[in-house]
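*Asks:* What follows is each chain in one-letter form.
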Amino acid sequence: MIIKILGSGCKKCVALGENAKAAAAAAGKAAEIVKVTDIVQIAAYGLMSTPGLVIDEKLVSGGKVLTVQEIEKLL
Amino acid sequence: MNIFGWLNDQLLRMQWLSDLVTAGVSAAGLDPTSRLGGSVQFFVYDVIKIFILLSVLIFAISYVQSFFPPERTRRILGGRSGIWANTLAALLGTITPFCSCSSIPIFIGFTAAGLPLAITFSFLISSPLVDLASVILLASIFNWPIALAYVAVGLVVAVVGGTLIGRAGMEDQVAEFVRSVPVQDNDQTMTRIERLAFARDQVVEIVHRVWPYVLIGVAIGAAIHNWVPADIITALLGQENWWSVPLATLIGIPMYADIFGTLPIAEALVAKGVGLGTVLAFMMAVTALSLPSIIMLKRVVKTPLLMLFLAVVTGGILGIGVLFNAVTHWFI
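Which chain is which? The protein sequence lines are C and P, in order. Counting from 1, one number per residue, gives the positions in the first sequence under the numbering used here. Counting from 1, one number per residue, gives the positions in the second sequence under the numbering used here.
Not one of these hints is a red herring.
Derived pair list, reagent style DSBU-like, types lysine-lysine, alpha-carbon separation capped at 35 Å: (1) P/K298 - C/K12; (2) P/K302 - C/K11; (3) C/K35 - P/K298; (4) P/K302 - C/K58; (5) C/K35 - P/K302; (6) P/K302 - C/K64; (7) P/K298 - C/K58.
Treat the hints as calculated values from the structure; they're not laboratory data.
Work the whole structure out from these sequences, hints included.
*Replies:* What follows is the structure, given as structure tokens:
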């Protein structure tokens, strides 16, 4: 699966990326983490407040750093 | 004794800090009335004052903002039109996040949800131009009448600008992909603890982002304050020159800085006798328009709409500058 982190490089986006990586590892899934930093591409997902989390092209969360457990549930 | 005046002097203008820094400068063997001593005093006092006010204000305002995420603002504005809807959009613009970098996602999010351009642009103009932190800083550096007048004219520019853009019938002048962006409504309610944490994170993030601009702004302000002769500045930007407002606006537009960085420059310029309108025009041009944000906007709107937006905002800023210069004596 492909997990995308939407955010222009703020601290929260880095934190969300780490949590997503940890969540994928904990769930035992092979996931490719992609960072999307271009603001127009980010907005194209319909996101208005970063950071955002996209799993297989579906926006699942916005404006919040999800915990590892929260992400695991979404995978 | 006037309690309000005292509170204003001590809490907002931080007279105690100015006295303390003056004493510190003297203790370090510098004469605070000399050029060098005066520059050091201005720099140290202004940097400390701006960072204290900035941190306290961002914390308080972010807490309020946590109740108005863009998704909620969009719901509030949805389905409305007319001058009151523009006014509401402009008012909501004052309590939404500071960064002009969030204006593109908000533009796309609002437009995709079918909000008219008039409403979206009222919001987009007011958002960087007028925010609560800048109002309190203006009150601290100048006085309350100037701060309130700044808010009032900022809102007028946003309402009139949005209305004009709406009237121009350019709903089709938006990049094609914008209309097909999905409308997401992932609005979560936050607990009080989460709001406090959000406010704290905002302080850290914003201070981290703006500190270089503040230092540069204060350094330029200190240089103007003590080293540049007043007659050179008034010759360039003096009130009697018709070109002072357009010149200040033109210099300000491509510059990218936070309002927090421009305030110390504004303070020093007013002290040198530059008209209030000229200084406000400069500040508004720096915050409302910048080269990076224009380039960004170019990717989501077509050229005619971009040009109209630039013309409307620039026109508004020029108008405000000329108006304030004509009535400076009411305020200072």
